[in-house]
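Next come the chains, spelled out residue by residue.
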Amino acid sequence: MQVTVTVNGVEYTKEIEGRLLLVHFLRDVLGLTGTHWGCDTSNCGTCVVWMDGEPVKSCTVLAAMAGGREVRTVEGLANGAELDPIQEGFRQCHGLQCGFCTPGMLMTCRHLLDKNPDPTEGEIREAISGQICRCTGYSSIVRSVRWAAVHEAASK
Amino acid sequence: MTTVSERRETEFEDNDQKPVGFGRMLRKEDARLLRGRGRFVDDVQLPGMLHLAILRSPFAHASIVSIDTSAAEASPGVKAVVTGETLKGLGLAWMPTLSNDVQAVLATDKVRFQGQEVAFVVAEDRYQARDALELIDVEYDVLEPVIDVRKALEPDAPVIRTDLDGKTNNHVFDWETGDEEETNRVFAEADVIVKEDIVYPRVHPAPMETCGSVADFDPVEGKLRLWSTTQAPHAHRTLYAIVAGLPEHKIQVIAPDIGGGFGNKVPIYPGYVHSIVGSIVTGKPVKWMEDRSENLISTGFARDYIMRAEIAATRAGKILAIRTNVLADHGAFNGTAAPVKYPAGFFGVFTGSYDLKAAHCKMTAVYTNKAPGGVAYACSFRITEAVYLVERIVDALSYELRMDPAELRLKNFIQPEQFPYTTKTGWVYDSGDYEPTMRLAMEMAGYEDLRKEQALKRAKGELMGIGIAFFTEAVGAGPRKNMDILGLGMADGCELRVHPTGKAVVRLSVKTQGQGHETTFAQIIAEELGIPPADIDVVHGDTDNTPFGLGTYGSRSTPVSGAAAALVARKVRDKAKLIASAMLEVSVADLDWVKGVFQVKGDPGKSVTIQDIAMRAHGAGDLPDGMEGGLEAQICYNPSNLTYPHGAYICVVDIDPGTAEVKVRRFIAVDDCGTRINPMIIEGQVHGGLTDGVGMALMEMISFDEDGNCLGASLMDYLIPTALEVPDWETGFTVTPSPHHPIGAKGIGESATVGSPPAIVNAVVDALKPFGVRHADMPLTPSRVWDAMRGQATPPI
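Respectively, the protein sequence lines represent chains F and L. Position one of the first sequence corresponds to residue 1 (this note's numbering), numbered consecutively onward. Position one of the second sequence corresponds to residue 157 (this note's numbering), numbered consecutively onward.
Hints should not be assumed to be uniformly reliable.
[Said to hold, decoys possible] The calculated SDA-like cross-link candidates involving lysine to any residue, where the alpha carbons are at most 20 Å apart (straight line), are:
1. Lys-307/L with Arg-464/L
2. Lys-659/L with Glu-788/L
3. Lys-819/L with Gly-130/F
4. Lys-184/L with Ala-78/F
5. Lys-184/L with Glu-88/F
6. Lys-14/F with Asp-281/L
It should be emphasised that the hints constitute simulated quantities derived from the structure, not laboratory data.
Next up, chain L with everything else stripped away, as it sits in the complex (with noise of 0.2 Å):
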């Protein structure tokens, strides 16, 4: 492991024109995207081509009496007027979700959440659309809905899911891990127990661009061309030819550039249906594509675990062990997106970055009349939960101990020589060395400077807040031996095809959706055949043009997809390697590779580069025998184990005594994703990250009235940080790379959200410390923390 600290002096080297590799290079995304020549799927533009638009729920929960589309479809413009009756006749009046639940693609027994889709109209153009909506008449009766999640399983409540077969509760799954009596046990004999209540509210990932697609049937090829907001577009085309009775060689989708995705757009929304259904229909290319309210009020919602927390210590600070029981809000339909066999997702790595003894988790998920979702906005299936929940309790403890929190996480972290180490809830870390990388976050922010300098504060009545948050991630989804979305394995495909002069293309299963993805894979295959990355085209996003795989969410390209991509090199290379020794007239033991190049032994006079070698795989001239000609290969990795990055992050927060306002001053974060493929790609993510902490910590949350209203459904109301909100990030890195992934790299993109939220909450929670705060509740906005300054801190609803 090697320790170094990113300078900031480097920020303008130019590596450009690196030849080949890793390192910071610019990007090749953005020669197009400065120039407004991005290719978004709202900026698809067919012959003839239609436009959508859905008309949604304003009640919870509603049956439904009568839908009268007359007027609608006797309006300008309007080629049709569907509604769940219709689509019943079709048999696709619900589809299933990522989770084996099924969700309804246009409601047609009753409404399950306010935004829900009713019905939708096709029309010449989008403000004809709009226009018709207003003409449809539907006729509710409005039902109890279910909101607050403490009460959905009372034996009075309401049911929701009536569409369910013998369905009498608002039940969704219980779910447990850990060793409950030998967790009990620890917990006994421990010397201090700290309990929380801590809630992780509802939030949403808001991509600045909003779901959308264009649907393309063409009658006479029986054929389907899909431009969609996919981060796992081969997985959407399965699940359409399941939905839609397609076939799938008879389906193309297309993710085009991605306007940021961020958990929001993987699954599946009954828009992207609509549209098939109005092509279908009309004969005609129909767009959809949601504004920003309906993103908000009906796409896929991250969070909303209520969690108890207890912690178990000896009076020295060794944790023992960690207990937690959760109650998930789910939505009206189970919609998460997470691998089959893991309902709470990895919720299991709550234990974190600590060697214990025992630890066990006992979970309930339920139905309410909300939004489907819960898997999104960079939590790596819930690792954000996870980490909030130890890091919130760990801090907790901190606190009742009066040790430093540094000190005490510093005391019981996991050690080097511990792995690969198997934490009490069966997860394999595969690597990790804690103590430097916390050291080098000390150190960057002047750790005990800052805490003389709050000190004096204290003194001064001034609130000054110093939060540690030190996370370890799991990603890289995952061995598909146990991890599948809807019967499909986890793996990723790569093809790799050199070009006669030595040029080359690589399609890969994943999609970027502003990750970088172009430049990152050209580089690994640079790294690893020695042709420049500039020679290098990254192909994605078109399932007709791309091997199949599951796509990006979850930061698992780079451990899945980065994975196939040094394979896919690697076989190419043996493959050359057998031509060089034929051209040079060597045998294969003699050959030297030195990037691009294949050398003979002692004679580095005599060598092919990897262009002279793709030109004699192609042109005239013997093979060695028995082998084909060209120049390519491709793959489909499964990976053996996820990957498990690390960080240490710390928050400096100052509150105005006076209105109660968080300012967080500085933000120092160091993470560790093994090898590094371009510290320039990983850096912006990081910053994006810390963010979405930011927002999450202070100001972000999707609430609801008592009558089920949406109280965050536009950017009025939901707030997302501005340049003004956050401060200028100072990052840094060690180097621990992972074991078994071929070039040693970790995901990283979404550790900075799962990260940061527990850093600014325990900053903020540190500053109130002079109030006797212990604990209080995100979204830390102006009004909740002077609640909490008063001793009145409510959990958020």
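Extracted from the complex, chain F is given alone in its bound form (with noise of 0.2 Å):
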């Protein structure tokens, strides 16, 4: 079947199977590989990206579900050389490690912050607890959507 999708702003038409994922299509079809895969049970969040404006697990929605939608993932987060506030926040505290779980984090958190400007540590906590990090032990990326949203109040 044919399906076009809008990611980061550009309109992609391929010919793709009904049974293939999002995940799948923007990392194999496209070659958008900062979305990552890591379980197969819709636990860990690796893969999240936001479609129409909302954060989902693309490991959990079907490429051709994505069909005339907005899909926007890590790579579309940075404007130029500059880096997003959020992706600046995670630099800055040391919110990452190997690296794997943080573009889906990153994508939940910029979503936290559009929602909510100011959250607390319990709301920042509540938000990215569909997602699983093995390396920072989650204060760091408390910390960094924390910089993230202190350096945006500053800025406006």
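Taking the hints as your guide, dock the two standalone chains into a single complex.
Structure (structure tokens):
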């Protein structure tokens, strides 16, 4: 079947099988390999992207379901050479180590800050609770989000 | 030794522009990882690349009667279907493990654990490869499995390893350390003896990225390129040379970015070999990427030690001796990744941080119908088990003596003047000053106030527990005279080249999986050579382009490779000094080194920078007589001893008396790893390890039913902490350098995983004191804590 998906503002039309998962469409068909695949039961969240502005686990969405929708991935976060504040927060506060969960975490945290520019520690932990990180122990991720919140507030 | 508590305010301080050396520096790695531009194995796309999927055994123990692959071969997109019989013809059906046992690459005679590799398919895409697996028809004759390790050596137990000549039982090895007679004598004279049966259950490192590889065999060049998730690329290359019969210079192993390793990516798995065979057979690049369930069911597990621990002491609380008996479950093939002469790893450090009169351990390892493994998940070669044993049994003793567990530990510490200290099991601890580390943790925790709060809560029937663990680690394997893996000495190479304009590239034999080597090794070179870290590129993971060495595990990168990096920089500096003396026309003795600059003594205005020297080394003009051009050096560092970092951990838990749910309220971790290269990265390492501890202590377990079905083979059942199960970590540090290490640095990466489980379990047991609980085994899930509260604690199976 044919599907047309807009990813990070670019429209792609591709011939795909109906069963193709969105995560594999992004990675294998479009070559956008920032989005990762870490489990087979929809628990880990390394595959989180946005579909029409909402975070989804792209391993649990068919590519066909993204037809006509707007998808945003980690590759669409930075503005050229300039990192999004959430990316800069992760860098400043050491919110990543191996970097495998990072793209999914960034997409969820960006969404959180868009909805709630001043989240508490508890709200941040709740927001990322659908995602597993094996390296950081989460404290530095919480601090990264706070860093981004503080710096975004200061720049407004 | 200095004691400084870490301050939270410095958290956001940006030292990124710091020109040289040790200290908080933001990571070089982050730029690509934050943009989705990391390069992990599954990101590798090669022209014509095919995909591989593995058919796995549904049974724990069964003879293979027949395999029919005809329907699979006819399935769309399928290029090859390979069974054990095919591999047997090529002499590849079995491969050596890191413990000198053998492991089936594909099962031929029978399957020995659920999830074992039986056949594989190579197809045009990963979906087609999976489709074809469904069409392979295997007829099994199911055999009785050996699941309960306690019954594996019974005379009528089924024999698992019928492939081994003359094998009539499931015994793997016996191992012993310490002085049995002396230990028994000390026990006979002790006032108090406490005994506990302690299980360290089977868990799994479960890195977020699973294992995988892309094999590309070029028949024209006769060269194999293998991208793979390996923590030890050079050791893997040598093993592939042995297995596949290809010469080493025709094998290039490339470990790109790795999405966490945690020991899971040290062994060679059949899937890697499958991709190589698949590429040779099809003439195309072949990718293998396992899914999460395959990772959990078939790759290296961790722990699985059944331990009887006994401690002897005086009534006044002087610990005299520890003895232990261990039954080790190694699964169906002994694939333990440990130095050859250490089949039980470094379990011998079970005497911990205490000055004992005697110690003894006797261990038996057995085969069961489970996946191979044992050494993984930040264990430092079984030190997780050793520290858990000693810190649990010391706590049980404090309970028996009605003595505060902090006081009991302080009373028995090895004293600073006793270092280097030889333990009763023969380990030579390099340095340590334990009391200040313990005192700092107690101060940060507000220990006295916590005990008061606990007393008040107990009076009201609330369950609060305070757990302490004090550990001594042993990391940095190791001296080549007694440590090797498959005959390869555990030394590590390092090469440093300074380019004409003073930029540099350093090549490592170790391989980061997130621990920040690209940043910290640049810092070591910067500290020694005065070149800014931003001007130093760190190359690692590619066996064609890095010096030989044994890889990253056992927290060995800083102790071994870190030492090599410092020494190779000093070698370059020595040559630079000769060039500087020629440039400044003074004798070498008249030069001072001031971070990046040689200056004439008494005349600091006369100086040359390392960059000036680099240009002279490569440029026109004379060099001192007999000197070659260029500015570079290489080294292979053979450590004289391990490094022995230590730490004091305090955990506070609250238990809901109605649901038995354990909540970790606070966790204070004070670590001492000697000289600190990058405090930010150390803190991150500690946070990650503490989270492992919460997982192991409260949630994680790979268990089996009586038929050998793995009950923890997906993230639906194998529970890993999320942000909601862990507290905001509180860390501190002391600094006791390693005297034998060039920069005084010790390893740190695994300390928190080693030290945190006993602190958490001790806290839970402390909370349950009103119920008379003296020990309960991990994982302390609500149902297991509920049972313990009712005096029905059972060991996990």
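For a quick check of understanding: which of the numbered hints are violated here, in increasing order? none
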